[in-house]
Amino acid sequence: MLIRRGAEIPESLVTPKSVYVNRRKFLAAGAALIGAGAPPLSGATRLGPLVKSPFSTDEKPTPYRDVTTYNNFYEFGTQKNQPAELAKNFKTIPWTISVEGAVAKPRVYDLDAVLKMAPLEERIYRHRCVEGWSIVVPWIGFPLNALIKQVEPTSKAKFVAFQTLYDPKQMPAGKWAGIPLPYVEGLRMDEAMHPLALLSVGMYGEILPNQNGAPVRLVIPWKYGFKSIKSIVRIKFVEKQPPSTWNLQNSREYGFYSNVNPAVDHPRWSQATERRLGEFFKRKTLLFNGYGDQVAGLYAGMDLKKYY
Amino acid sequence: MRRLKPLVFLLCLAPLLWLLWKGWRQDLGANPIEFITHATGDWTLRFLVITLSITPLRKLSGIGQFIVFRRMLGLFAFFYGCLHFTTYIWLDKFFDFPEMLKDVGKRPFITAGFTGFALMIPLAITSTAGWIRRLGGKRWQLLHRLVYISALAGVVHYYWLVKSDVRLPLLYGAMVLLLLSYRLAVTVRRTRRLPASARLS
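So the protein sequences, as listed, match chains A and B. In this text, residue positions in the first sequence follow the working numbering: the first is 1, and each later residue adds one. In this text, residue positions in the second sequence follow the working numbering: the first is 1, and each later residue adds one.
Don't take each hint at face value.
[Claimed, not checked] To spell it out: a stretch of chain B is covered by chain A in this simulated footprint if at least three of its residues, at any positions, have a beta carbon under 8 angstroms from a beta carbon of chain A; those stretches are:
hint : region
1    : 27-35
2    : 102-112
3    : 164-171
[As the list claims (entries may be wrong)] Result set (DSSO-like, lysine-lysine): computed pairs, CA atoms no more than 27 angstroms apart in a straight line:
hint : chain 1 : residue 1 : chain 2 : residue 2
4    : A       : K305      : B       : K93
5    : A       : K284      : B       : K106
6    : B       : K93       : A       : K284
7    : B       : K102      : A       : K306
8    : A       : K169      : B       : K163
9    : B       : K106      : A       : K306
10   : B       : K163      : A       : K175
11   : B       : K102      : A       : K284
12   : B       : K163      : A       : K305
13   : A       : K282      : B       : K106
14   : A       : K88       : B       : K163
15   : A       : K306      : B       : K163
16   : A       : K156      : A       : K306
17   : A       : K60       : B       : K93
18   : A       : K282      : B       : K22
19   : A       : K88       : B       : K93
20   : A       : K282      : B       : K93
21   : B       : K163      : A       : K284
Just so you know, these hints were derived from the structure itself, not from any lab. Where a beta carbon is used, it is the ideal one built from N, C-alpha and C, also for glycine.
All chains, full assembly: derive it from the sequences and hints.
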């Protein structure tokens with residue numbers, strides 16, 4: 001029997017998905033960045049050149065697909081697979097971050113200014129969610145303290161408050177999140193100044209995917225993931241401890257500090273172990289997520305059970 | 001109706017086959033064990049709701065024959081409950097029994113889930129015709145009312161485990177409450193219709 005295959009397109013003419021997906025992003029990114037000075041973007045959505053960081057772990061990064069399809073970003077749905085879908089058309093260009101409060105030089109930064117603030121580093125960090133799973137992510141960014149130094153905090157700046165964009169039009173799922181929005185987080189000044197605290201603009205060599213907190217997010221590797229606030233629009237320096245969203249939602253379960261601590265259980269589940277995505281067996285959770293050598297000093301003399 | 005039983009049986013197996021198919025295709029997402037835990041838990045609760053719907057369905061539709069599915073549906077609730085429980089003791093706790101006992105005592109949502117599951121065990125055992133005969137219809141029926149508590153415990157288990165979005169647990173809760181209040185309404189009406197002397201006895 002004759003099987004006709006005449007109408008098939010030769011393999012060489014088919015555009016690989018990665019190319020056309022990136023082309024869309026490229027068009028969007030290009031529109032904003034052209035004319036805005038030399039962006040540190042080398043390719044379509046790739047970021048570079050990147051400085052390697054001594055803070056990086058040599059553990060194997062979690063597959064990109066897992067990190068981008070398993071997200072907690074309640075503005076885009078409370079199921080893990082929802083943000084990848086519902087944040088697809090999230091508009092991150094143009095984007096501004098207002099830095100204000102107890103600082104000598106308050107300023108509204110556009111994204112380009114953020115990207116040029118400091119040399120971009122690649123930092124491979126462990127990331128531990130309060131729910132008991134963990135990932136290893138090659139983040140791209142620079143120390144948060146680079147931004148803090150630019151705006152010159154005054155003596156009244158004891159804490160830093162962060163706020164995520166809340167645009168109900170773009171985030172209709174937000175009304176079912178069950179948490180007060182806009183999402184807010186906070187750090188003590190010395191925590192924010194710590195060299196491990198990262199202001200991130202990308203991961204896996206590229207700009208941040210929307211579901212991972214594009215275009216700018218925080219990464220605090222020794223704290224539970226929810227402290228690493230996404231899609232930041234406001235940074236405010238304040239005198240008193242600022243509110244944080246999960247603490248507002250349930251203060252018994254989520255403290256302001258929320259340092260990773262296997263000895264302090266979440267009231268509803270144990271924090272002693274975690275499941276690294278991609279692994280079958282659970283592994284033991286480490287105090288401060290394994291960053292104790294660097295950060296334990298911040299909490300010297302503090303009762304970590306009381307200040308959970 | 002009885003002829004449809006094999007078909008309903010296969011339909012009840014579909015969620016398991018779907019799960020196995022997804023597993024085979026490596027399509028269970030970034031956290032497969034969590035996916036399996038949630039899927040088997042969801043289907044336990046769904047089958048409990050379906051089982052509880054049979055009596056109202058029979059009475060409201062007037063088609064008493066629906067009764068031929070009830071035992072099978074109830075046993076499927078237990079079956080998915082077993083899968084859910086096995087996922088927990090094996091893939092979550094890795095047979096660390098002291099740790100599990102601590103969980104059952106310390107974590108209210110585990111306590112609720114465990115209660116709901118444990119109450120289904122005697123019901124599954126006594127689901128045979130022989131056991132109905134041995135216990136006698138009245139006592140058997142009384143025992144099997146434990147399924148009401150099982151379903152409520154399942155809903156509470158779900159409600160206590162979610163972090164903030166309680167829409168689904170509330171939906172299941174509403175369905176279970178609706179199905180239970182139907183029974184309550186029927187009982188109340190029946191008691192009212194009886195003469196006072198019978199009510200006293």
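Verification of the hints:
With 5 residues having a Cβ less than 8 angstroms from any Cβ of chain A, the region 27-35 of chain B passes the three-residue criterion, so the hint holds. A stretch counts as covered by a chain when three or more of its residues have a beta carbon under 8 angstroms from one of that chain; for the region 102-112 of chain B and chain A the count is 4, and the coverage holds. Evaluation of the coverage hint for the region 164-171 of chain B: fulfilled, as 4 residues show C-beta separations to chain A shorter than 8 angstroms, against a requirement of three. Between the alpha carbons of K305 (chain A) and K93 (chain B) the distance comes to roughly 25 angstroms, so the proposed pair stays at or under 27 angstroms and holds.
The straight-line distance between the Cα atoms of K284 (chain A) and K106 (chain B) is roughly 20 angstroms, inside the 27 angstroms bound, and the hint therefore holds. With a C-alpha separation of about 13 angstroms, the suggested pairing of K93 (chain B) with K284 (chain A) holds against the 27 angstroms cut-off. A threshold of 27 angstroms between alpha carbons decides the hint, and for K102 (chain B) with K306 (chain A) the separation of about 22 angstroms falls inside it, so the pair holds. Our distance criterion of 27 angstroms between C-alpha atoms is met by K169 (chain A) and K163 (chain B), whose separation comes to about 24 angstroms.
Proximity of K106 (chain B) to K306 (chain A) is assessed by CA-CA distance (about 19 angstroms); at most 27 angstroms being required, the pair is judged to hold. Only pairs whose Cα atoms come within 27 angstroms are accepted, and K163 (chain B) paired with K175 (chain A) is accepted, the gap being roughly 15 angstroms. Among the hinted pairs, K102 (chain B) with K284 (chain A) is consistent with the structure: their alpha-carbon atoms are about 18 angstroms apart, no more than 27 angstroms. Proximity of K163 (chain B) to K305 (chain A) is assessed by CA-CA distance (about 21 angstroms); at most 27 angstroms being required, the pair is judged to hold.
For the hint linking K282 (chain A) to K106 (chain B), the alpha-carbon distance of about 20 angstroms falls within 27 angstroms, and the restraint holds. Restraint check for K88 (chain A) and K163 (chain B): satisfied, since their Cα atoms lie roughly 24 angstroms apart, inside the 27 angstroms limit. Among the hinted pairs, K306 (chain A) with K163 (chain B) is consistent with the structure: their alpha-carbon atoms are about 22 angstroms apart, no more than 27 angstroms. Annotation: proposed proximity of K156 (chain A) to K306 (chain A) holds, straight-line Cα distance about 26 angstroms (limit 27 angstroms).
This hinted pair checks out: K60 (chain A) and K93 (chain B) have alpha carbons roughly 25 angstroms apart, not beyond 27 angstroms. Taking the CA atoms of K282 (chain A) and K22 (chain B), the gap is about 22 angstroms. The hint holds against a cut of 27 angstroms. For the given pair, K88 (chain A) sits about 36 angstroms from K93 (chain B) by alpha-carbon distance, which is inconsistent with the 27 angstroms threshold. The suggested pairing of K282 (chain A) with K93 (chain B) holds, with an alpha-carbon distance near 9 angstroms, which does not exceed 27 angstroms.
Straight-line distance between C-alpha atoms of K163 (chain B) and K284 (chain A) comes to about 23 angstroms, which keeps the hinted pair within the 27 angstroms bound.
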